[in-house]
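A.B. asks: 28 is the number that my numbering gives to position 28 of the sequence shown; each next residue is one higher, with no gaps.
Think of the hints as simulated: they come from the structure by calculation, not from any bench. Just to be clear, a hint being listed does not mean it is correct.
With a cut-off of at most 30 Å between alpha-carbon atoms, the simulated DSS-like pairs for lysine-lysine come out as follows [as the list claims (entries may be wrong)]:
1) 64 x 98
2) 43 x 98
3) 64 x 43
Simulated restraints on C-beta separations [said to hold, decoys possible]:
4) 117 x 54: 37 to 47 Å
5) 3 x 86: 29 to 39 Å
6) 101 x 41: 33 to 43 Å
7) 27 x 117: 38 to 48 Å
8) 13 x 53: 27 to 37 Å
9) 45 x 15: 23 to 33 Å
10) 74 x 19: 14 to 24 Å
11) 84 x 3: 29 to 39 Å
Note that CB positions come from ideal geometry on N, CA and C, so glycine has one too.
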Amino acid sequence: QVQLVESGGGLVQPGGSLRLSCAASGSTYFIATMGWYRQAPGKERELVAAMANGGSTNYADSVKGRFTISRDNAKNTVFLQMNSLKPEDTAVYYCNVKVGLRMVTYWGQGTQVTVSS
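With these hints in hand, go ahead and build the complete structure from the sequences.
C.D. replies: The structure is reproduced here in structure tokens:
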């Protein structure tokens, strides 16, 4: 089992920045990927960014050039630096971890990000 604790959401004006953090605990030895998804009201949950153990990254087209994912493997923590935020970035952001060869998926509790003036 893996437990995930997220932090860093909030209200920000358009053009502003936020940094999300997600700390994993428990059976973290076999973590394969760590990343972030988001879900806006009335929409499906979508991938925002993910990073594999080797450092390769994957970003949604809508956030490329504005968001940066990073990991502190020693602390089993993943970060999402979000710059130049837009109202359409408003959503609940969920930390996502995939573990082991079967890529068992764990989710954080979600943190609200609201971009509004």
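A.B. asks: With reference to the structure, classify each hint as holding or not holding.
C.D. replies: Consistency of the hints with the structure:
Of the supplied pair hints, the one linking residue 64 and residue 98 holds, its CA atoms being roughly 22 Å apart against a limit of 30 Å. Restraint check for residue 43 and residue 98: satisfied, since their Cα atoms lie roughly 23 Å apart, inside the 30 Å limit. Between residue 64 and residue 43 the alpha-carbon distance is near 20 Å, which keeps this suggested pair within the 30 Å criterion. Distance hint check for residue 117 and residue 54: the Cβ-Cβ separation is about 40 Å, which falls inside the suggested range of 37 to 47 Å.
Between residue 3 and residue 86 the Cβ separation comes to about 31 Å, which falls inside the hinted range of 29 to 39 Å. The supplied range of 33 to 43 Å is met by residue 101 and residue 41, whose beta-carbon atoms lie about 36 Å from each other. Taking 38 to 48 Å as the suggested C-beta distance range, the pair residue 27 and residue 117 conforms, at roughly 43 Å. Checked against the hint of 27 to 37 Å, the pair residue 13 and residue 53 passes, with Cβ atoms roughly 36 Å apart.
Between residue 45 and residue 15 the CB atoms are about 25 Å apart, so this pair conforms to the stated range of 23 to 33 Å. At about 18 Å, the CB distance of residue 74 to residue 19 agrees with the hint of 14 to 24 Å. Roughly 32 Å separates the CB atoms of residue 84 and residue 3, a value that falls within the hinted 29 to 39 Å.
Violated hints for the displayed structure: none, as all numbered hints are satisfied.
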